[in-house]
Amino acid sequence: MSPASRLHVPTVPARPGQKPDFSYVHLSDAGAVPRPPIDVPVRDTVSLAEELVRVLDGEGRAVGPWDPGLTPEVLRGGLRHMLLTRLFDDRMHRTQRQGRITFYVRSYGEEAVSVAAAMALRDSDMLFPSYRNQGLFLARGMPPFEMMCQLLSNTADMCKGRQLPVMYHSARRRLFSISGNLATQFPQAVGWAMAAAIRGDTDVAAAWLGEGSTAEADFHHALLFAKVYRAPVILNVVNNQWAISTFQGFAGGEQRSFAARGPGVGIAGLRVDGNDFLAVHAATSWAAERARAGHGATLIELVTYRAGAHSTSDDPSRYRPRDDFEHWPLGDPVERLRRHLVTLGEWDDQRHAALLAELESALAADWKAAVRHGTLTEGPRLDPALMFEDVFRELPEHLRRQREELAAERAALAGATAESGDASRGP
Amino acid sequence: MSPASRLHVPTVPARPGQKPDFSYVHLSDAGAVPRPPIDVPVRDTVSLAEELVRVLDGEGRAVGPWDPGLTPEVLRGGLRHMLLTRLFDDRMHRTQRQGRITFYVRSYGEEAVSVAAAMALRDSDMLFPSYRNQGLFLARGMPPFEMMCQLLSNTADMCKGRQLPVMYHSARRRLFSISGNLATQFPQAVGWAMAAAIRGDTDVAAAWLGEGSTAEADFHHALLFAKVYRAPVILNVVNNQWAISTFQGFAGGEQRSFAARGPGVGIAGLRVDGNDFLAVHAATSWAAERARAGHGATLIELVTYRAGAHSTSDDPSRYRPRDDFEHWPLGDPVERLRRHLVTLGEWDDQRHAALLAELESALAADWKAAVRHGTLTEGPRLDPALMFEDVFRELPEHLRRQREELAAERAALAGATAESGDASRGP
Amino acid sequence: MPRMNMVQALNSAMDVMLERDPTVVVLGEDVGYFGGVFRVTEGLQRKYGSHRVLDTPIAEGGIVGAAIGMSVNGLRPVAEIQFADYIYPAYDQIVSELARLRYRSASDFFAPVTIRTPCGGGIRGGQTHSQSPEAIFAHVSGLKVVMPSNPYDAKGLLISAIEDDDPVIFFEPKRIYNGPFDGDPNKPAVAWDAHPAGEVPAGHYRVPLGRAAIVREGSAATIVTYGTMVHVCLAAAAELGVDAEVVDVRCMVPLDIDTIAASVSRTGRCLIAHEATRFGGFGAELSASIQERCFWDLEAPIARVAGWDTPYPHAFEWEYFPGKPRVKLALQALMEVA
Amino acid sequence: MPRMNMVQALNSAMDVMLERDPTVVVLGEDVGYFGGVFRVTEGLQRKYGSHRVLDTPIAEGGIVGAAIGMSVNGLRPVAEIQFADYIYPAYDQIVSELARLRYRSASDFFAPVTIRTPCGGGIRGGQTHSQSPEAIFAHVSGLKVVMPSNPYDAKGLLISAIEDDDPVIFFEPKRIYNGPFDGDPNKPAVAWDAHPAGEVPAGHYRVPLGRAAIVREGSAATIVTYGTMVHVCLAAAAELGVDAEVVDVRCMVPLDIDTIAASVSRTGRCLIAHEATRFGGFGAELSASIQERCFWDLEAPIARVAGWDTPYPHAFEWEYFPGKPRVKLALQALMEVA
Ligand SMILES: Cc1ncc(C[n+]2csc(CCOP(=O)(O)OP(=O)(O)O)c2C)c(N)n1
Ligand SMILES: Cc1ncc(C[n+]2csc(CCOP(=O)(O)OP(=O)(O)O)c2C)c(N)n1
Ligand SMILES: [Mg+2]
Ligand SMILES: [Mg+2]
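Chains as they are written, first to last, in my numbering: chain A, 1 to 427; chain B, 1001 to 1427; chain C, 2001 to 2338; chain D, 3001 to 3338.
What the hints contain is simulated information worked out from the structure, not anything from laboratory work. One or more of the hints may lead you astray.
Stated by the list, open to error - Which stretches of chain A does chain C cover? Using the computed rule of at least three CB atoms under 8 Å from a CB of chain C, they are:
1) 153-162
2) 170-178
3) 181-194
4) 297-311
5) 401-407
Every residue, glycine too, gets a C-beta built ideally from N, C-alpha and C.
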């Protein structure tokens, strides 16, 4: 059949063993893209959705109209959060490799996407993260300790052991519960924003998903509802080029930006250098102002690269060149911000080393504290009876009965294992 | 809550009692929009998706690059099919009002959308209609008799009584089975086209849905898969301004064309005067050539107006001005083609009257023939045992048993009613 | 007391809640200016504004997704899905999100969303305007599932649903919107006025979720049913002269199995009736649960009467519908078991 | 004869069909170049080309919608949904279209689509990588529903599914991809090599749809189960020393109720076990149908063992999973009924 076939199959620039090739990535020079007023008509954002908003140039200088003009303090704060995110990721990744947690997802190479956005938004703005936005949590001051307890499903887990690792949430910090189902948070964020508008609040909502997830219906519904009701929401597509093993071309990225979907449906679109802390901060601020002022939603495509494996269940060397990231044209977001601070004379190697040491030892202490609340293998352990709570607000009769059945089952088992001397089920 | 509310709610130009207002419809002059080569890059169709492709001018002349240059025979064929569609609609609508069929949907005012497209495509191209595309069936030579039998769910119904009226199909004529679920045919058409491409066929698929249906996930999936695999498919959005009582603004049509969704996702987009037979024919031909030549899909928005009620269950005077259609800027598709033929000296009132009379009497005869195969109230009637067939290819055991149960039930009933002398259940 | 049909009762429930709770909003296809294709939201937008009674795009998945987000931001959305046959595009948002948000976040987030949708056949709607998909929601942990059989319950249950902090799927048997229906399409339609349950208080009241109702007392057998079939079963029992107790389930989740099982244990015989397709329908769960609790009291096998295991065919509506003949045959057989 | 685990057996089934039937195509997320997240399609794209083994966008609804269209144009698509937990976005295309196309068009159109999807827990996947949603498909008229419990059946059933002209939802219990699992997570994993059903012919063969298998003969009770639970129940019966007959349902639709009922009538006692949530699960239909046919032969109430009526919690995987302790308690209780 194939020979005659006229089906187009998206091309993948480089597979294992081949030379990395990023010629397909359309780049603009730093400072080259204009920054329109926040009330710009959607039509006039068509080119913004094709070009690439960049602020940091090759020499680490901030140039052009999108320079957010942040203070050194803020920049150092950004560097700190991005480093914290990376170190947290590395440590938790190793922890999973040691079998102490069941699963982990790193955001290596994408730290600016989350950290810069969180810093550009107000604390009262509601965030709807994907599983690769841990930077949002850390930048909003979520203690790594709390996140570690979730990863361990231990007695201090905010999810009471119900969620896979990395599916954090924090109602207090306005960080929505992460779902294992891709893209579902997108229309929810729009609904949240519609409610804010209905009430007349000035808070905005922001949501994130990967470029692969834009294929899901929820992405379409989100854009449409945001357009129809002019919802105060920022819809972020994190284009890290890969969806597990699937190249972004299979999500529609061939010769077309994801940001272009915005103007297509009738909301503003911005294509942004996702590894440029300043560009992400500036674009997010612009979209937030636009939303707050009642001019509606913005779709932001953040062009970045998934430098690591999809998750601890994945091995990217099976489907892409090992040295891909070294050739990625937009570099490393942490390194680029560090360099900018150095260029400004606001940072140096000593301070950098000191920061690393401080963060490392803090994380080490956090982990020590976290495991004290239990791990998969060592107690203390959450009471399995918790399994039946929160299905409904009140425990219904049939779940009360099942809870008793489980108790009987575990008693029987304890008896049995006591005899056979096998206590592997733990406490 | 409302006073403070900042939620945007799409405006509706005119409600009952108000003056019709179509100033929101962006028009282009006939002949004003360029006709690019069929291999034009998607990017260059952005303006085509905003302008309005028109051929027939105010004087009934065909002007500009999109004039398909059809012969008078073809034009008269088009007029004939459109008139047949309208007369068929009127007659079946009356029939429903008399209670002889349960439900009907007219395409009044939208006849060109279906008829011109059907005539522009090859018989081997596969069509995926919505419930308002009866013109596709009639233009492909489906005998009105067969359609009437479907409407009657009688013994000659191609659906064996399983479908609501108007849900026709014809495998032989390559007209897909109509679904009651909006938009589902869209990704199916793309899949059909993908299969054609995989096999190396030159056939294309074409699908239709209403502007309101573009909100469904299936619309998004269709555009995306069409873009990713460059499927040879034509995706038609029939923008008749209304979705039952809901104005097109609630589907995202405010200050944005539906055709623009095409370039947004990365397929060509065309916005076309749907009441201009020549424009619809030309646009469909262009998209078909483009698809056949391997340049991929086209999203065509056909701007038209639902001149009648949504269906026989609807009363539009509850939500829009009664005289709306009289003010519709794109006029009546039948009248416009008739006028064009007259302008060409290829048609006159006598021939028109004769054609009407011919079609009317043919339809009357068809109806007589159809009812002979049974109606809702008079026999002959389909055997209810047919209800259990075609659930699966072979009748499984449990359905064989249920068929027997039904037989017993009807026997008992027959007995009972025989006693009580009530035979209302019919044969 | 005012008399209402089911449409008016449901409309009144939303009117009352929109009035007393500023966080209640109504959204759906054609529900605003038009008042809904079945007129259930008639007049509400005029009264409460287009910001609290919203017309939406035709995207069931988007409607539920947005409703979840609204509810997380302090609103109590009442979403209408125009026909239960069209709820499937929203199935992922309902099952993966709405049903599990509270659980996965340990109650830090929850979604008090009510989804109203007309279900059932008997209106010549063919396969896509006649379905009863309650079983595929009752199986999903975290959803409450309701189906009233009369105006009084409809209003009281809808108010309870809207006030409930858990998501509720609220099925409205459209065949009985305007009057009770005993299953005979040839009889002249009856209105709700004559019916005691057509008496509906104008103001606020609740019918609690999770409680079945015994709508006819009897000692010879128990008929467990809900929705339109309640009226069909009442008529069948009466016509057969069987002293059957008829239990209206009203709420599939949480299920009032105690009331149901107590009745079956008393009568020793049980017939389950619903309109949905039989195989894997909610009747299966009823039969299994009843059997588990009443085994030793059963004098005959538990019988099920339901729609056939086919789509709902337009031309054979009354052969598909589990009307009086089918119920009577089953009830007769049930009583004949020695 | 070659020995295969379930992954290899399923891969071999597709390999055989791609080889002998040019209209067979495979599509899904990560199934092409990568070979699938569970490696079930490994090597197929290399062998048959990227036009017959297609990587797709992440849109389950689009995958099924496109597969339906392909099948109408003469292909036999085998679509993979990466996890059964992610099949809901495709639910509308499956229920409203795939299941009913043949019916509504009186067989003028039909859709021979097979949808493969890994299901079940026991791999620490948490609530979104552990579900068993077979019940919500078994209730839908027009779908065939299959779940194998070993490599031999997996290959034979998948070939039958692909060759079948009706749509088939094919569930793959991922916990037993690499070896049978008796429910004890603390025992070292066992491979399929040792198991007789690990012997799988290299070529083409069928295991017919619609036939249950008696995997253990016995006279004291009948255990009706499927998927991973087949192995758990076998182990439980053995450990308890109960002479139980174990029936592997294999195919929920069409259901081989004759084989099942015959066994229950013989033994007089019945235990139904599945991993899915209990309320409204497929076990309810099994219980109801068995009760209807075997009432007079039953010496004890039909018992159900299943997952609890909660989502599948990450930390409590083994307390949720219906393992040996739960099955044993139920079986014991069943046998103790005088
Ligand atoms: C509805 C749904 N389908 C499939 C999956 C399985 N899955 C998990 S992550 C993933 C890839 C997502 O890629 P992308 O959206 O680009 O996000 P990224 O991982 O690159 O950040 C897939 C297919 C899922 N979780 N949910
Ligand atoms: C999935 C689904 N949701 C809702 C409906 C009910 N419905 C039938 S027609 C219609 C309006 C469709 O409007 P549009 O797509 O513009 O097509 P038109 O009727 O104008 O031709 C609606 C909401 C349906 N049939 N299917
Ligand atoms: Mg990605
Ligand atoms: Mg319309």
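Next item on the list: Can you take a look at whether the region 170-178 of chain A is actually covered by chain C? Rule is 3+ residues, C-beta closer than 8 Å.
Entry: Holds, because 4 residues of the region 170-178 of chain A bring their Cβ atoms closer than 8 Å to Cβ atoms of chain C.
Next item on the list: Go check the region 153-162 of chain A versus chain C for me, would you? Three or more residues, Cβ under 8 Å, otherwise it fails.
Entry: holds (count 4)
Margin query: Count the residues of the region 297-311 of chain A whose Cβ falls closer than 8 Å to any Cβ of chain C, and tell me whether that reaches three.
Written below: Coverage by chain C is violated here, the residue count being 0 at a Cβ distance below 8 Å.
Margin query: Count the residues of the region 401-407 of chain A whose Cβ falls closer than 8 Å to any Cβ of chain C, and tell me whether that reaches three.
Written below: violated (count 0)
Check: the region 181-194 of chain A covered by chain C? Criterion: 3 or more residues, Cβ-Cβ distance below 8 Å.
Finding: holds (count 11)
The structure is inconsistent with the numbered hints 4, 5, although it conforms to all the rest.
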